[in-house]
Amino acid sequence: MENLEQTSLEIKERFAKVNVQIQEKDITERLSILVNKFMVPINEARRNVTSHFLRVHNINQDEFFANAGFANQSPVKIAELIEDNKWCTFNARVAVLWEPRHEKILQTGVLGDETGTIVFTTWKSTGCSVLEEGKCYTFKNVVTSEWQGRMSIKINKNSEILPYQGDITVAKKLVTVVGALVDLQQGSGLIKRCPECNRSLSKGSCAEHGRVEGIHDLRIKGVIDDGITSQDVILNRKLTEELTGITLAKAKEIAMESLDAGTVADEMGCKVIGHYFEVTGVQIDKNLIVETIKPFRADVTNQINTLLAATEA
Amino acid sequence: MAGNFERMKAARLFAAELKATTIEVPKKGGDQYESQLYLTQTGAKAARVMIVGTATEIEDIGTDNNFYRMRVSDPTGVHFITAGQYQQEAAKVMQELIQSLPVFVAVIGKVSLYNNGENTTLVSIRAEQVSIVDENIRDTWLLETAKATLDRLSAFKANPVLEQEVAAAYQKRENYNPTLSKIY
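So the sequences go chain by chain: A and B. Under this note's numbering, the first sequence has 100 at position 100, and the numbering climbs by one with no breaks. Residues are numbered in this note's numbering as their position in the second sequence, beginning at 1, plus a constant of 1000.
It is possible that part of the hints are untrue.
In the EDC-like style, the derived pairs of lysine to aspartate or glutamate whose C-alpha atoms are separated by at most 16 Å in a straight line are [as the list claims (entries may be wrong)]:
no.: 1; chain 1: B; residue 1: 1092; chain 2: B; residue 2: 1060
no.: 2; chain 1: A; residue 1: 124; chain 2: A; residue 2: 99
no.: 3; chain 1: B; residue 1: 1147; chain 2: A; residue 2: 226
no.: 4; chain 1: B; residue 1: 1147; chain 2: A; residue 2: 312
no.: 5; chain 1: A; residue 1: 286; chain 2: B; residue 2: 1006
no.: 6; chain 1: B; residue 1: 1045; chain 2: B; residue 2: 1024
no.: 7; chain 1: B; residue 1: 1009; chain 2: A; residue 2: 232
no.: 8; chain 1: B; residue 1: 1147; chain 2: A; residue 2: 299
no.: 9; chain 1: A; residue 1: 221; chain 2: A; residue 2: 242
no.: 10; chain 1: A; residue 1: 250; chain 2: A; residue 2: 217
no.: 11; chain 1: A; residue 1: 271; chain 2: B; residue 2: 1134
no.: 12; chain 1: B; residue 1: 1092; chain 2: A; residue 2: 267
no.: 13; chain 1: B; residue 1: 1092; chain 2: A; residue 2: 266
no.: 14; chain 1: B; residue 1: 1009; chain 2: A; residue 2: 226
no.: 15; chain 1: A; residue 1: 238; chain 2: A; residue 2: 217
no.: 16; chain 1: A; residue 1: 271; chain 2: B; residue 2: 1135
no.: 17; chain 1: A; residue 1: 135; chain 2: A; residue 2: 167
no.: 18; chain 1: B; residue 1: 1092; chain 2: B; residue 2: 1059
no.: 19; chain 1: B; residue 1: 1045; chain 2: B; residue 2: 1151
no.: 20; chain 1: A; residue 1: 271; chain 2: B; residue 2: 1089
no.: 21; chain 1: A; residue 1: 271; chain 2: B; residue 2: 1096
no.: 22; chain 1: A; residue 1: 157; chain 2: A; residue 2: 63
no.: 23; chain 1: A; residue 1: 172; chain 2: A; residue 2: 114
no.: 24; chain 1: A; residue 1: 12; chain 2: A; residue 2: 24
Chain B regions said to be covered by chain A (calculated; three or more residues, Cβ under 8 Å) [what the hints assert, rightly or not]:
no.: 25; segment: 1095-1109
no.: 26; segment: 1131-1143
Hints in this document: simulated from the structure, not taken from any laboratory. Where a beta carbon is used, it is the ideal one built from N, C-alpha and C, also for glycine.
Make a model of the complete structure from these sequences and hints.
Structure below.
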């Protein structure tokens, strides 16, 4: 019963915000019929009662939800967004835009502020404005969502995106891992990218744009492993060339000679697999986008002596 | 395969420890891609290993197809590495290495056990990757493996459940305790 009264009070206050006064008695009555007689769960009952009074008072549903609950939230920082399904408002810079992976998605990418970064998605159905990479915006009434332990932002039809005048520096959270490079994965070596979306081609065709004339590129998708954890790392063309000494031109030559682009990855593998590296970069999903990579050399003599001393003790 | 499938880490094991490994960890079931783990005498459960040592011998023991077997020695013993038609890259590297023995190599591969029918279990590593390395990498690996082995030993002593599991699996176990001075 307590729940009923609490809920009807909340509904009443909600309507009061749009200057509509409703008798609490009326609300409670409706709720109680639904809950007690028809055994409707309280959340469903609340929804039903709310939309009933919306209809009675002829209020536009979208406007009601946009204005009633969340409009005047004060902005938060991205690092504070740790709770699932929470409405929030914040200022951020669009750090990266990715190619949407679904026809219903308008835009997707990464937003960042001084405290961190977060993935966002806007949907075509929401009629949301198009964001520009590198610009700052205020994101009002957006919802957090958690999937496999990672937070992202969903922008819905009650959200509002306004240009933000201030300057926001996106925090780069650099991660360093040390370990042996134990594998080069599919898609390492000489690859072709789609000229439209920059995605790598598989068998000469792009997942989005079909058969295209690809642009050659080099990269390494590797695994760094220290025996306890492993980390997928991605090296761009510059780092790949520096690390392996194989330039793009050389790679094309190798591929041409063997009539197989896979040879490039094999040759790269011979030069780097089993070697120890210290790798620093930005973590995006399960990959570490590498910014610097250098061979790791342990101070073996000293450390062995320390180990020996500790064991003999 | 599930999207959040987790890669098996490459355990660092000395030859002495791997050679003495004869026990398969029972699979949990329910996943057709589940790797076979092996229980070592220090309580490590590993499917994949990384070893660095000196390749001393490489033979083609295949009958129809090429099938290479390589001996790689570290300071505690010898690893047997194999590569056949399903490990083409590794096989290719091994074939090329025949000309340049002895040489320091790094090997990453999956452990497999063979029972020769006479109560002897042979341990080998099916190579996924083989590459030439230098002395410096060999030393780094030795240090890392020594540390990892010591860490396993102390974790093992602090974990009665694991200790019992190993004791039950290796009833006739000799006191396995590689000394660091031997390794160094």
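Hint by hint, here is what the structure shows:
1. 1092(B) with 1060(B): At roughly 11 Å apart (the allowed maximum being 16 Å), residue 1060(B) and residue 1092(B) satisfy the hint.
2. 124(A) with 99(A): It holds: about 14 Å lies between the C-alpha atoms, which stays within 16 Å.
3. 1147(B) with 226(A): With a Cα-Cα distance of about 11 Å, the restraint between residue 1147(B) and residue 226(A) holds, given a limit of 16 Å.
4. 1147(B) with 312(A): The hint holds at about 14 Å.
5. 286(A) with 1006(B): holds (11 Å)
6. 1045(B) with 1024(B): At roughly 9 Å apart (the allowed maximum being 16 Å), residue 1024(B) and residue 1045(B) satisfy the hint.
7. 1009(B) with 232(A): Given that 16 Å is the threshold and the Cα spacing comes to 12 Å, the pair holds.
8. 1147(B) with 299(A): It holds: about 13 Å lies between the C-alpha atoms, which stays within 16 Å.
9. 221(A) with 242(A): holds (15 Å)
10. 250(A) with 217(A): With Cα atoms ~12 Å apart, residue 250(A) and residue 217(A) stay inside 16 Å; holds.
11. 271(A) with 1134(B): With a Cα-Cα distance of about 11 Å, the restraint between residue 271(A) and residue 1134(B) holds, given a limit of 16 Å.
12. 1092(B) with 267(A): With a Cα-Cα distance of about 11 Å, the restraint between residue 1092(B) and residue 267(A) holds, given a limit of 16 Å.
13. 1092(B) with 266(A): Holds - the C-alpha atoms of residue 266(A) and residue 1092(B) are around 10 Å apart, at most 16 Å.
14. 1009(B) with 226(A): Judged against 16 Å, a Cα distance of about 8 Å means the pair holds.
15. 238(A) with 217(A): Holds. Residue 238(A) to residue 217(A) sits at ~10 Å (cutoff 16 Å).
16. 271(A) with 1135(B): holds (15 Å)
17. 135(A) with 167(A): holds (9 Å)
18. 1092(B) with 1059(B): holds (13 Å)
19. 1045(B) with 1151(B): holds (14 Å)
20. 271(A) with 1089(B): Holds, at roughly 13 Å.
21. 271(A) with 1096(B): Holds, at about 14 Å.
22. 157(A) with 63(A): holds (10 Å)
23. 172(A) with 114(A): Cα-Cα ~8 Å, so holds.
24. 12(A) with 24(A): Holds: residue 12(A) and residue 24(A) sit about 6 Å apart, inside 16 Å.
25. 1095-1109: holds (count 4)
26. 1131-1143: holds (count 10)
Consistency note: the structure conflicts with none of the earlier hints.
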